[in-house]
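Peer 1: So you can see what is in the structure, the chains are spelled out below.
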Amino acid sequence: MQASLGSVRVLHGVDLSLAAGRWTAIVGPNGAGKSTLLRVLAGLLVHTGEVRLFGEPLQQVPGRVRAQRLSWLGQGGAGEGGADDLRVWDIAMLGRLPYQRWLAAPSQADRDAVERALRSTQAWDWRDRPLGELSGGERQRVLLARALAVEADLLLMDEPLANLDPPHQSDWMATTRALIDSGKTVVSVLHELSIALAADRLVVMDQGRVVHHGRCDEPDTHTALEHVFDQRVRVHRVADQWIALPH
Amino acid sequence: MSPTRRAWWIGSVLLAMALALLVLGMGIGSTGFERMGAAWQDPVALQIVWDIRLPRTLGAWLAGALLGLAGAVAQGLFRNPLADPYLLGSASGASMGVAVALLLFGASPTSTEWVVRLGLTGAAFVGAVLAVLLTLTLARGVQQTLRLLLAGVIVGVVLGAVKDLISIASVDIMQALTGFMLGSTGLVGWSACGVMAALAAACLVASWALAPVLDGLALGEATARSLGLPLGGMRAALIAVLALATGAAVAQTGLIAFVGLASPHLVRSLLKTTHARLIMLSALMGGLLLMAADLGARWLIAPQELPVGVLTAVLGGSYLLWLMHRKKA
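Heads up: the sequence lines are chains D and G, in that order.
Using the working numbering, read the first sequence as starting at 9 and increasing by one per residue.
Using the working numbering, read the second sequence as starting at 1319 and increasing by one per residue.
Rather than coming from a laboratory, the hints here were simulated on the basis of the structure.
Hints are supplied without guarantee of correctness; some may be wrong.
Calculated from the model, a selection of chain G residues having no Cβ within reach of chain D, i.e. all distances over 10 angstroms [stated by the list, open to error]:
no., residue
1, TRP1326
2, ILE1328
3, ASP1369
4, VAL1489
5, ALA1536
6, SER1544
7, LEU1547
8, ALA1631
If you only want the chain D side, here are some residues facing chain G, beta carbon under 10 angstroms, derived [as the list claims (entries may be wrong)]:
no., residue
9, GLY71
10, SER79
11, LEU102
12, ARG119
13, ALA155
The following label-pair restraints were derived from C-beta to C-beta distances [claimed, not checked]:
no., chain 1, residue 1, chain 2, residue 2, range
14, D, ASP225, G, VAL1471, 57 to 63 angstroms
15, D, ARG242, G, VAL1471, 52 to 58 angstroms
16, G, ARG1458, D, ARG245, 47 to 53 angstroms
17, D, GLU141, G, VAL1471, 40 to 46 angstroms
18, D, ARG137, G, ALA1487, 54 to 60 angstroms
19, G, ALA1479, D, VAL16, 54 to 60 angstroms
20, D, GLU141, G, LEU1364, 36 to 42 angstroms
A virtual CB, placed ideally from N, CA and C, is assigned to each residue, including glycine.
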């Protein structure tokens, strides 16, 4: 795949196969093309080449079916759109739009899915509050609940940990693991390298290219990670976990 | 109280207040407030109430409802709390459409003929669509708030100047347009009410059906698209609703500022809710605001009458200043 933003080519010949039922993290320095790649995978950006969703060309999947199978959580979310006046419940319910007939009221299945999503991100208690009254981290948890409420097979998340404090980053990881255990596929762009190293597979990007794609516990993956960050990070093994520290 | 119940409660209160003002409006004439009881005994007084006061009061409510609806749709569609039919240039476009129609067909803007009212509404609709498209082209989309508002102001000024040029071409048109464009409900008859009622119903149904798109857009373009919403067609439909509501109001009552801007803000201060409810309540709020302004315009310096557009501009401008001050604070 190749993709451009305006006249600038951002992705140069990316050829990638992501494993179903696994958590893949995409990492790389600023401007590496991580978010652009995720937008291309979601079918949100014009590109050359082909994206296949579970083996089927994405362009041929009808919009509604695609929206049911692929859930998107973008950067910033409500910040750019001004959803401050919408209630938390209404925002999470937007995740059920792909399942609802036009003008039909939400079904019991929709309400149950929204409740599950809000409870899993600990946002259930604020369901009647407008988004504008919440802090940055709380808003992020509501937006995550919106993405979870789709109950799609594939979740694409662009910097889902933005504004989350460490305990809620940990909760996010637990939620992601639970999704993988239930057979879902998660692809996330992450700046938190130590959390990215907890994924199943790592895609390391630099200057619009995928420079490495492999398991998180492989030495080659660690070498690639250190290389794209100009040797300014080092991957260490601490308490049975891989972590990346500034060097 | 659940949001649904609260929305119903607010809607009922707005409607009840509008009904009270409608009764009051039937009693206010050039000699000030008159008791309605006496009018039933006098055929002339009854005719004045039925043919003049009732349609103009109802017309004020309908025009306000159309503007309130247009404001709520514009603010959701352009994700901009300052968007309204005025600031996007669509009201100026609609007034230019009316001026062009007068130039081409020589009708009076205050005519009570059904065909004339429909024709002027159609011309205003075309002008409003043209203005919104021009604004969007100049602003290169809806992403940049400042650019969008500046483009709207520029389009409003330019199309307003075109309307003025058309006015200069004919003394008859200038005279007809001058009073009309100050914004007045004085000559709204039953035919104008009929046109506005039909179009308000159509716009309400369409915007209710399209409201989920506005909710989705509130989370950003990418999220809305990821939800499977066909944004291209739905945006075009929402622009059509915005232009139709603006055009229908401007063609019957002239330029009435700030009702479209203030109504959604007032509703949001009472209830945080989805766009479907916001649009319905903004329409009710807009109707109530313009009806109250119309009564004020008739009553303040009776037997003279203020153009209601002037009154809403003064009140609405003050409200906008207060809103800006509050946001800054």
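Peer 1: State for each hint whether it applies.
Peer 2: Here's how the hints hold up against the structure:
1. TRP1326: 15 angstroms, holds
2. ILE1328: Nearest chain D Cβ is 14 angstroms from ILE1328 of chain G, so the label holds.
3. ASP1369: The claim holds: ASP1369 of chain G sits with its nearest Cβ about 39 angstroms from chain D, beyond 10 angstroms.
4. VAL1489: Holds: least Cβ distance 47 angstroms, greater than 10 angstroms.
5. ALA1536: 4 angstroms, violated
6. SER1544: SER1544 of chain G not clear of chain D: closest Cβ-Cβ about 4 angstroms, inside 10 angstroms.
7. LEU1547: About 7 angstroms separates LEU1547 of chain G from the closest Cβ of chain D, which leaves it inside 10 angstroms; violated.
8. ALA1631: 26 angstroms, holds
9. GLY71: 4 angstroms, holds
10. SER79: 7 angstroms, holds
11. LEU102: It holds, given that the least Cβ distance between LEU102 of chain D and chain G is near 6 angstroms, below 10 angstroms.
12. ARG119: Constraint on ARG119 of chain D not satisfied, violated at 14 angstroms.
13. ALA155: ALA155 of chain D check passes; min Cβ-Cβ to chain G is 9 angstroms, inside 10 angstroms.
14. D:ASP225 x G:VAL1471: 57 to 63 angstroms: Once the Cβ atoms are compared, 59 angstroms apart, the range 57 to 63 angstroms for VAL1471 of chain G and ASP225 of chain D holds.
15. D:ARG242 x G:VAL1471: 52 to 58 angstroms: 55 angstroms, holds
16. G:ARG1458 x D:ARG245: 47 to 53 angstroms: The hint (47 to 53 angstroms, Cβ to Cβ) holds, given that ARG1458 of chain G and ARG245 of chain D are roughly 51 angstroms apart.
17. D:GLU141 x G:VAL1471: 40 to 46 angstroms: 32 angstroms, violated
18. D:ARG137 x G:ALA1487: 54 to 60 angstroms: Given range 54 to 60 angstroms: holds, Cβ gap about 57 angstroms.
19. G:ALA1479 x D:VAL16: 54 to 60 angstroms: Cβ of ALA1479 of chain G to Cβ of VAL16 of chain D: about 39 angstroms, so the range 54 to 60 angstroms is violated.
20. D:GLU141 x G:LEU1364: 36 to 42 angstroms: 53 angstroms, violated
Checked against the numbered hints above, the structure breaks hints 5, 6, 7, 12, 17, 19 and 20 and satisfies the rest.
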